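Student: Please put together the full structure from these sequences, using the hints given.
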Amino acid sequence: MSTYPTSTYPTRRTFLGALGTAAVAGCSSGLRESSGGTGRSLKIGYVSPRTGPLAVFGESDDYVLGRVRAALAKGLSIGGRGYPVEIVVKDTQSSAARAAEVAGELIQRDRVDIVLATSTPDTTNPVSDQCEAARVPCVATVCPWEIWAAGRPAPTYSYLHFIGTEQEVGVFAGLWSKADTNKVVGGLWPNDTDGELYRRFVTAEPGWRVSDPGAYEDGTQDYTSILAAFARDDVEILQAAPIPPDWVTFWRQAAQHGFRPKIVSVAKAMLFPTVAKTLGELAEGLVAPVWWSAAFPYRSSLDGTTAKAFADGYGRPWTPPMGFNHALFEIAVAAFRAAADPKDHAAVAAAIGTLKGEAISGRYDFTAGPSKNVSMAPDLLGQWRRNPAGEYDLVIVDNTLDPAIPLQGEFTPLR
Numbered sequence: 004m005s006t007y008p009t010s011t012y013p014t015r016r017t018f019l020g021a022l023g024t025a026a027v028a029g030c031s032s033g034l035r036e037s038s039g040g041t042g043r044s045l046k047i048g049y050v051s052p053r054t055g056p057l058a059v060f061g062e063s064d065d066y067v068l069g070r071v072r073a074a075l076a077k078g079l080s081i082g083g084r085g086y087p088v089e090i091v092v093k094d095t096q097s098s099a100a101r102a103a104e105v106a107g108e109l110i111q112r113d114r115v116d117i118v119l120a121t122s123t124p125d126t127t128n129p130v131s132d133q134c135e136a137a138r139v140p141c142v143a144t145v146c147p148w149e150i151w152a153a154g155r156p157a158p159t160y161s162y163l164h165f166i167g168t169e170q171e172v173g174v175f176a177g178l179w180s181k182a183d184t185n186k187v188v189g190g191l192w193p194n195d196t197d198g199e200l201y202r203r204f205v206t207a208e209p210g211w212r213v214s215d216p217g218a219y220e221d222g223t224q225d226y227t228s229i230l231a232a233f234a235r236d237d238v239e240i241l242q243a244a245p246i247p248p249d250w251v252t253f254w255r256q257a258a259q260h261g262f263r264p265k266i267v268s269v270a271k272a273m274l275f276p277t278v279a280k281t282l283g284e285l286a287e288g289l290v291a292p293v294w295w296s297a298a299f300p301y302r303s304s305l306d307g308t309t310a311k312a313f314a315d316g317y318g319r320p321w322t323p324p325m326g327f328n329h330a331l332f333e334i335a336v337a338a339f340r341a342a343a344d345p346k347d348h349a350a351v352a353a354a355i356g357t358l359k360g361e362a363i364s365g366r367y368d369f370t371a372g373p374s375k376n377v378s379m380a381p382d383l384l385g386q387w388r389r390n391p392a393g394e395y396d397l398v399i400v401d402n403t404l405d406p407a408i409p410l411q412g413e414f415t416p417l418r
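For what it's worth, the working numbering labels the leading residue of the sequence shown as 4, then goes sequentially.
Please note: incorrect hints may appear among the correct ones.
[To be verified] Here are the simulated EDC-like cross-link-like pairs (lysine to aspartate or glutamate), alpha carbons at most 16 Å apart as the crow flies:
(1) 375 x 149
(2) 186 x 215
(3) 265 x 236
(4) 280 x 62
(5) 186 x 208
(6) 265 x 287
(7) 280 x 396
(8) 311 x 237
(9) 181 x 413
(10) 186 x 237
(11) 77 x 306
(12) 77 x 89
(13) 186 x 236
(14) 265 x 237
(15) 280 x 394
(16) 265 x 183
[Said to hold, decoys possible] Ranges between beta-carbon positions, derived for each pair:
(17) 417 x 194: 26 to 36 Å
(18) 361 x 277: 22 to 32 Å
(19) 360 x 418: 35 to 45 Å
(20) 277 x 83: 29 to 39 Å
(21) 283 x 317: 32 to 42 Å
Source of the hints: derived by calculation from the structure; they are not laboratory data. This structure is a prediction, so every number in the text was calculated from the model and none was measured. C-beta: ideal position from N, C-alpha, C; glycine also.
Tutor: What follows is the structure, encoded as structure tokens:
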């Protein structure tokens, strides 16, 4: 059992920040702080990974964007003036460098009034840094706040609404304590900022012993040495934070090696029904975070649609990012309405910092976060279970952080 070196993420962020500053230099040097998009329309830039290894995070984007465009089809009336709303969409291709590049395009070429960024630090952080450098409002989500805030000065123009990794580890640990185990936690942590944060917080969580075989690289195909370490240390609880393709490879190999802990809690990869479908019966009983589901008792502030109706309209199994990605647009509209001038970047950025409200994802509050410009969301837990139709549902089994959201079942260990 071991610990692992401290993450080098701030150094990497410094590099990406330099890249972003260079990309927007032409833009920011020619614009006043108060400048907005061209004409009198309100332009919203939206950045997500629609292709590449992280494409599963963006698989519901077309549906979400369609619903938002329909809700905003008549534009916004603010201060007695009507504003048509345009949405410009960019694909990061699951690349941090590409995320910085397309953010620069939105700022310099498309002249957007606000940028919305979603899904993993490889999108949220370079985009937020670009916007901060160019003094353009930005709201990000689906990135732990600790990673978003790391290695950067206190932000003025960029904001985040999401959960935290320390918060999530605490919820996981609460669930682990409900089962009779030897309290040995195996860490399947990649060599990235997500992996390092889980390592840090799981190791710091009192009452647990950690089996840590060391970080692995994304795309690893052979997990024999990691599985051997878990077997040697008699791991009965697994905490993992892989990207979806790596989790499928690992968990299939674990089954072949006879590794079946009592509790398997998987961040990131097991958020998605497509991954559960790929695993088939191997998905049964796996635990995953639930930061949004169709069962949430909240409505869209754009058109009053309930979470259930929103999910049902998708026509496919819902995904957690759907709710938060929709909420980004709700927050953007709230900021435009709260600003003295929705075309003034500084006014919109300042307005975001005053916002408290509800979106289809739940409550948000940018006035009282754990770090400047952060709004914390509650993190629940679910367990994958096969339904009568033979498909797998993520059933809410822990609502400690938001009891207003109903439980859908009780947690059951794998053995």
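Student: Next, verify each hint and record whether it holds.
Tutor: Consistency of the hints with the structure:
1. A C-alpha spacing of about 11 Å is found between residue 375 and residue 149, which places the hinted pair at or below 16 Å, so the restraint holds.
2. Annotation: proposed proximity of residue 186 to residue 215 holds, straight-line Cα distance about 14 Å (limit 16 Å).
3. A distance of roughly 14 Å separates the Cα atoms of residue 265 and residue 236; the hinted pair therefore holds under the 16 Å criterion.
4. In summary, the hint linking residue 280 to residue 62 is supported, as the alpha carbons are separated by about 15 Å, within the 16 Å threshold.
5. Pair hint residue 186 plus residue 208 holds up; C-alpha atoms about 11 Å apart against a cutoff of 16 Å.
6. As the CA atoms of residue 265 and residue 287 are separated by approximately 12 Å, the hinted pair is consistent with the 16 Å bound.
7. Between the alpha carbons of residue 280 and residue 396 the distance comes to roughly 10 Å, so the proposed pair stays at or under 16 Å and holds.
8. Between residue 311 and residue 237 the CA atoms are separated by roughly 41 Å; this puts the pair beyond 16 Å, and the hint is violated.
9. Annotation: proposed proximity of residue 181 to residue 413 holds, straight-line Cα distance about 11 Å (limit 16 Å).
10. For the suggested pair residue 186 and residue 237, the alpha carbons sit about 10 Å apart, so the restraint of at most 16 Å is met.
11. At most 16 Å may separate the alpha-carbon atoms for a hinted pair to count; residue 77 and residue 306 meet this at roughly 12 Å.
12. Distance hint between residue 77 and residue 89 is fulfilled; the C-alpha atoms sit about 11 Å from each other, no more than 16 Å.
13. Simply put, residue 186 and residue 236 have alpha-carbon atoms about 11 Å apart, close enough for the 16 Å limit, and the pair holds.
14. For the hint pairing residue 265 with residue 237, the CA-to-CA distance comes to about 11 Å; that is within 16 Å, so the pair holds.
15. Between the alpha carbons of residue 280 and residue 394 the distance comes to roughly 7 Å, so the proposed pair stays at or under 16 Å and holds.
16. Simply put, residue 265 and residue 183 have alpha-carbon atoms about 9 Å apart, close enough for the 16 Å limit, and the pair holds.
17. At roughly 27 Å, the beta-carbon separation of residue 417 and residue 194 lies within the given 26 to 36 Å, and the hint holds.
18. Between residue 361 and residue 277 the beta carbons are some 29 Å apart, a value that agrees with the proposed interval 22 to 32 Å.
19. Range check, residue 360 to residue 418: Cβ separation about 44 Å, and the 35 to 45 Å hint holds.
20. For residue 277 and residue 83, the Cβ-Cβ distance of about 46 Å falls outside the hinted range of 29 to 39 Å, so the restraint is violated.
21. Against the hinted window of 32 to 42 Å, the Cβ-Cβ separation of residue 283 and residue 317 comes to about 22 Å, which falls outside the hint.
In summary, the structure is inconsistent with hints 8, 20 and 21 from the numbered list given earlier, while agreeing with the others.
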